[in-house]
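Student: All chains should be built: construct the whole structure from the sequences, respecting the hints.
First to last, the protein sequences are chains R and A.
Here the UniProt record's numbering is used: the first residue of the first sequence is 1, the next is one more, and so on.
Here the UniProt record's numbering is used: the first residue of the second sequence is 1, the next is one more, and so on.
Fair warning: there could be bad hints in the mix.
[Claimed, not checked] Per label pair, the in silico range of CB-to-CB distance:
#1 A:159 - R:73: 36 to 42 Å
#2 R:241 - A:55: 56 to 62 Å
#3 R:182 - A:74: 41 to 47 Å
[Unchecked claim] Covered stretches of chain R, as calculated for chain A (at least 3 residues, CB under 8 Å):
#4 19–25
#5 29–37
#6 54–66
#7 276–287
#8 297–311
Worth flagging that the hints you see were computed from the coordinates, not collected in a lab.
Quick caveat, the model's predicted, so the values are computed rather than measured.
Note that the Cβ used here is the ideal one computed from N, Cα and C, for glycine as well.
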Amino acid sequence: MAGFLIRRLVNYLVLTVVATSLAYMLAASALDPRANYQGRNPPLPPAVIDARLDELNLNNKTPLMERYVTWASGVIHGDFGKTWQGESVNEDLKRRAGVTFRLIIIGLFFGSFLGVAVGAYAAVKQYGWFDRLSTMGSFFILSIPVFVLANVLILLGVWFNGVVGTQIVYVSGEYSAGFEGGFFASLLDRIQHLILPTLSLALPLIAVFSRYQRNMMLDVLGADFIRTAVAKGMTRRAALTKHALRTALIPAATYFAFTFGSLLVGATITEKIFGWHGLGEQLINSINTNDVNTVAAIAFLTALSVLFASLLSDLLTAALDPRVRVS
Amino acid sequence: MSIAEEEMAELAESPKAPSRLRVVAQRFFRMRQGQIGFVLLALMFVLAFFGPLLGHWSYTDKDFNAFLQPPSGTHWWGTTQTGADVYAITLRGMQKSLIVGLLVGVISTAIAAVVGAFAGYFLGWTDRILMWIVSLLLVLPSFLILAIMSPLFADGAWVLFVVMLALFMWMITSRIIRGMTVSLKEREFIRAAEFMGVSSSKIIFRHIIPNMSSLLIVDATLNVGAAILSETTLSYFGFGIQPPDVSLGSLIADGAKTATYAPWTFWFGAAVLVVLVLAVNLIGDSLRDAFDPTSRRRA
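Tutor: Structural data, given as structure tokens:
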């Protein structure tokens, strides 16, 4: 088991290094930081621009490999370089990572738990009204792109606030600027800001997981070991939760790693639309401002978190499935 | 192409027996969701490609007498902030999104079939290298890579965008196909072909890939839906289809800014996009059931 995990870990690390390097080279050759300085009025002399770009390791006149080596030796020491305005990428991203992390954890928590619960319940009550409703609902939600969903949620939120007459849900930001109040008041303020972004992140997850979990659960429900468990005197409820659900969760745990990538994209869209100052928002801004170092750092964080999710799903699978631990 | 030929060949050889194509088609059209999906998609196609003939405006026209006007007789779906006709630009966006989606769906499935079949047939180092590339592409954040490359998609280079989009969508399918190939290559007819001295690539393209046609058709359909979602998402942020051309994504991005006081700028595009993806998904799901009736009990 330990050997299996170490092999996976080494493989993941190599993949992260290659993926990040590729992302850096692509960003360094496709984006053009020089353009940020050229459009200035009064125009800057080319020598000044070159000096500035050299200082930031962004000069496209330097060979790509040379820039890459400079960048990579910084990254090995934990320094992701400077943004094109000359600020530290590390500082900026450290602040933003927390925002994204909070959003993703909350979305993931609600999305996966509710999804699994909805799917499992729908399978137990196959062809009942709940089953039909959840199948139709998830099918519909899966056809809505996240950016449409987020905008529709904003419109609904504005409409809802108008109907109720007070501000119940906020459609922008993580908390009200300059908000003064006790712990519970500011917690409530944060929750009011959280509702819509969490929905926009969690609804697609619920849809995906519920469909998946439903099919897995249906496969397991017909299995002999459930009938045996009930036959030897176990209550149906205990047999379902202890035996059926656990077995049916194994593929969902594997699937978790695959959904994580799309979850990150979902978080990017959600952050940008709801005005949360997280990594996703910065990714879009940094591509628009030709900020090579920030883009590469975010690519590194993305690859790392996808790999972390894969490792986590390996661990989950091992915890749920005894066969993995033995072999 | 080879799939259709295979079906035709079957048809010609045994005219009496019900062809698989007809059986599948019958099963497909007997399903309610298959019917709904097919009708919806057909309507969408007609609207996207014949609708512009009916309208009075082209997608490049600007009506300087009507900025942000609600739907009326002259502008059926209203106008945008710059005076563009929402009906005309939405249909233009639909065309683009449909074409991109179809191309990406077909290309990505073709890549998945070839890579998966080669990896599964040859195993050994071919398999190791190809599957390593698959894991690498799965780790690379596709949204980010495509967004970085977006400056290259300007000036009508949307074909490059299509290729790049397809390049990031085939990995999971190719893993499935690899697994199927590994078991398929032990079958007698593949063995027989090998012993008769048929070349490996011929076996792959003539015997292995056509044998997985049902999976590939279903997968191509579902990929079309996924491709439309990716394309519109990238275009929403300005990383996909570049102006002056329009996509449903870039239209919805513009519409969202004025949605609270001019709902027609947002809802028409959003509704068309959702219906489009819904129709494709319904068809894909029904096709899967039609090809594999045993899955019907579950789905």
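Student: A separate judgement is required for each hint: does it hold in the structure or not?
Tutor: Evaluation of the provided hints:
Separation of residue 159 of chain A from residue 73 of chain R is about 38 Å and conforms to the stated range, judged on CB atoms against 36 to 42 Å. At roughly 58 Å, the beta carbons of residue 241 of chain R and residue 55 of chain A sit within the given window of 56 to 62 Å. In this structure, residue 182 of chain R and residue 74 of chain A break the distance hint of 41 to 47 Å, their C-beta atoms being roughly 57 Å apart. Only residues whose beta carbon comes within less than 8 Å of a beta carbon in chain A count, and the region 19–25 of chain R has 3; three or more means the coverage holds.
With 3 residues bearing a CB less than 8 Å from a CB of chain A, the region 29–37 of chain R meets the requirement of three and the coverage assertion stands. Evaluation of the coverage hint for the region 54–66 of chain R: breached, as 0 residues show C-beta separations to chain A shorter than 8 Å, against a requirement of three. Using a Cβ-Cβ cut-off of 8 Å, 3 residues of the region 276–287 of chain R lie near chain A, which meets the minimum of three, so the contact claim holds. Only residues whose beta carbon comes within less than 8 Å of a beta carbon in chain A count, and the region 297–311 of chain R has 6; three or more means the coverage holds.
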